[in-house]
Amino acid sequence: MIDALSSLFIVAGLGFYLAGSIGLLRLPDLYSRLHALTKADNLGLGLLTAGLALHAQELLIALKLILIWLAVLAASAASAHLIAQHVRRRETSS
Amino acid sequence: MNTTALLALDALLVFSLLSLAVAALATHDARRSVILFMAFGLVLAVAWGRLMAPDVALAEAAIGAGLSGALLLAAVHEQPRRALSGDSRPGHNRAHSSFKVALEWAVTLLCVAVAGVLAWALAAAFDRTPKDVLAQAVSDNLAASGVSNPVTAVLLNFRAYDTLLELAVLLTAVLGIMAMGPERRGYRAAGPVFDGLVGWLVPVLILMAGYLLWVGAHAPGGAFQAGATLAAAGVVLRLAGQRSAGLPPWRLLHLTVAAGVVMFLAVGLSLLALGRPFLGYPPAWAGALILLIETAAMLAIAATLVLAFLGGRPAESHLNFSKEKRQC
Amino acid sequence: MLTAHWLYGMSGCLIVALGLRTALLHAVLLQRLIGINVMGAGVFLMLIAVAYRGPGVAPDPVPHALVLTGIVVAVSATALALALGRRLSAEQDDE
Numbered sequence: 378m379i380d381a382l383s384s385l386f387i388v389a390g391l392g393f394y395l396a397g398s399i400g401l402l403r404l405p406d407l408y409s410r411l412h413a414l415t416k417a418d419n420l421g422l423g424l425l426t427a428g429l430a431l432h433a434q435e436l437l438i439a440l441k442l443i444l445i446w447l448a449v450l451a452a453s454a455a456s457a458h459l460i461a462q463h464v465r466r467r468e469t470s471s
Numbered sequence: 011m012n013t014t015a016l017l018a019l020d021a022l023l024v025f026s027l028l029s030l031a032v033a034a035l036a037t038h039d040a041r042r043s044v045i046l047f048m049a050f051g052l053v054l055a056v057a058w059g060r061l062m063a064p065d066v067a068l069a070e071a072a073i074g075a076g077l078s079g080a081l082l083l084a085a086v087h088e089q090p091r092r093a094l095s096g097d098s099r100p101g102h103n104r105a106h107s108s109f110k111v112a113l114e115w116a117v118t119l120l121c122v123a124v125a126g127v128l129a130w131a132l133a134a135a136f137d138r139t140p141k142d143v144l145a146q147a148v149s150d151n152l153a154a155s156g157v158s159n160p161v162t163a164v165l166l167n168f169r170a171y172d173t174l175l176e177l178a179v180l181l182t183a184v185l186g187i188m189a190m191g192p193e194r195r196g197y198r199a200a201g202p203v204f205d206g207l208v209g210w211l212v213p214v215l216i217l218m219a220g221y222l223l224w225v226g227a228h229a230p231g232g233a234f235q236a237g238a239t240l241a242a243a244g245v246v247l248r249l250a251g252q253r254s255a256g257l258p259p260w261r262l263l264h265l266t267v268a269a270g271v272v273m274f275l276a277v278g279l280s281l282l283a284l285g286r287p288f289l290g291y292p293p294a295w296a297g298a299l300i301l302l303i304e305t306a307a308m309l310a311i312a313a314t315l316v317l318a319f320l321g322g323r324p325a326e327s328h329l330n331f332s333k334e335k336r337q338c
Numbered sequence: 002m003l004t005a006h007w008l009y010g011m012s013g014c015l016i017v018a019l020g021l022r023t024a025l026l027h028a029v030l031l032q033r034l035i036g037i038n039v040m041g042a043g044v045f046l047m048l049i050a051v052a053y054r055g056p057g058v059a060p061d062p063v064p065h066a067l068v069l070t071g072i073v074v075a076v077s078a079t080a081l082a083l084a085l086g087r088r089l090s091a092e093q094d095d096e
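In order, the protein sequence lines correspond to chains A, B and C. Remember, our numbering sits 377 above the position in the first sequence when you count from 1. Remember, our numbering sits 10 above the position in the second sequence when you count from 1. Remember, our numbering sits 1 above the position in the third sequence when you count from 1.
Mixed in with the good hints there might be a few duds.
[Said to hold, decoys possible] The calculated label-pair distances, taken between Cβ atoms and stated as ranges, are:
#: 1; chain 1: C; residue 1: D94; chain 2: B; residue 2: W295; range: 48 to 58 Å
#: 2; chain 1: C; residue 1: L25; chain 2: B; residue 2: R286; range: 43 to 53 Å
#: 3; chain 1: C; residue 1: D94; chain 2: B; residue 2: G220; range: 37 to 47 Å
#: 4; chain 1: B; residue 1: H228; chain 2: A; residue 2: A433; range: 41 to 51 Å
Keep in mind the hints are simulated off the structure, nothing from the lab. On a predicted model such as this, the values are computed, not experimentally measured, just so you know. Beta carbons: idealized from backbone N, C-alpha and C, even for Gly.
Whenever a hint applies, use it, and build me the whole structure from the sequences.
Below you can see the structure in the form of structure tokens.
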């Protein structure tokens, strides 16, 4: 039961990563590509850590996995913002 | 673990490593090459994890992919576009003079020969059953070494002299970097989003560095990983507009950069004065001495890597404790 | 001799050759530095492959310590090389 749920989460997370990669390759604009990438980071990694946390031996390891997800969430949001801001500045100034 | 699944993972990792290496080396755009190199470093860290080398994986992710990538990106950023794309000598690279082509072929053959020799040596080494003399010696003496992580025991106790010399190499490199010229240009002050991130990221990184230093005695971790994490905090501060990048003021900076070598020598020479061999820790004190040396080494490594990112001698006016975050 | 030994060890040799080619032939300093770093990564792959003992067995810690030292020394040498390159291009721009 735990195995089935965990596998479901992990496969769903991989689906989001696949969508993010296809978006990176196929979308026309930098901003839409950033949008696709952050989808992979947020939901993809979240589902992946949920699937792994179900398999963790103790609660502490599951909490550490969730902490990793939160840190990646904040870092990817901030870096997507910075990249978009930089490109926007370059567009409006040139 | 399922052997076919492990084999599939191995095949995927090796394929990714080879393709990333080829892609990073074949491109002519410098920025693209650096970013592919960072990706190569991260996949390499996963490979270290798979090969049961967690200490090396931590160090590779922090230093090999993170800090190395930041250094190279900073170098790419400050060069004009023209000089880095390889077209600075128009026509010269594209000229198919027969000498150039012959030289390229000769070098390629040389590299194939090098790969062949290495592969032959590796196969010969694998054919013999491993004698495991060193590994056996390590596990036999681990209990008396003061720590229970074998990699830390090898680095800080059994081969402590090598680590002392490595810290001396770091010191030499940073002295060279500081002698080359002033630091690179700083970055503009951070907007609210980056500011918010830095506000909680830097304390977490400092906490993580302390944890990695402490846990290195009995789990994967240690001074190098802790120093790299601390250096990452300094780099993030610098990117957010803080010119001093968390470095201590001038006099203290000199002491911090030399702290690793100084502490090693101090411990070694005092042990020598007490009649023991150089860096021969008494087993009862080994754990405490290792922690002492690792703390000094962590600070030295962090200061060295931040100075490496700065790219030169920091301006004296920027190294003080006042709040000059909004100046550029 | 495990499959992992062959796979990682041989790819390490290949990566050393790839890095060497770029380090010798490329025109731009930055790419040559990346080539040298990639050579280092290949050497580390060979060392850690040699240290691997199998899925459940503890690996040999001595090559791990060597690689750890190597990673730190490689990054400091890269930093020094970049500082030298920066100074060199500043001198060339002045003349």
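Here's how the hints hold up against the structure:
1. The hinted range of 48 to 58 Å is satisfied by C/D94 and B/W295, whose Cβ atoms lie roughly 55 Å apart.
2. Checked against the hint of 43 to 53 Å, the C-beta distance between C/L25 and B/R286 comes to roughly 48 Å, which is consistent with it.
3. With their beta carbons about 44 Å apart, C/D94 and B/G220 fall inside the hinted range of 37 to 47 Å.
4. Take B/H228 and A/A433: their Cβ atoms lie about 20 Å apart, and the range 41 to 51 Å is violated.
Checked against the numbered hints given earlier, the structure breaks only hint 4 and satisfies all the rest.
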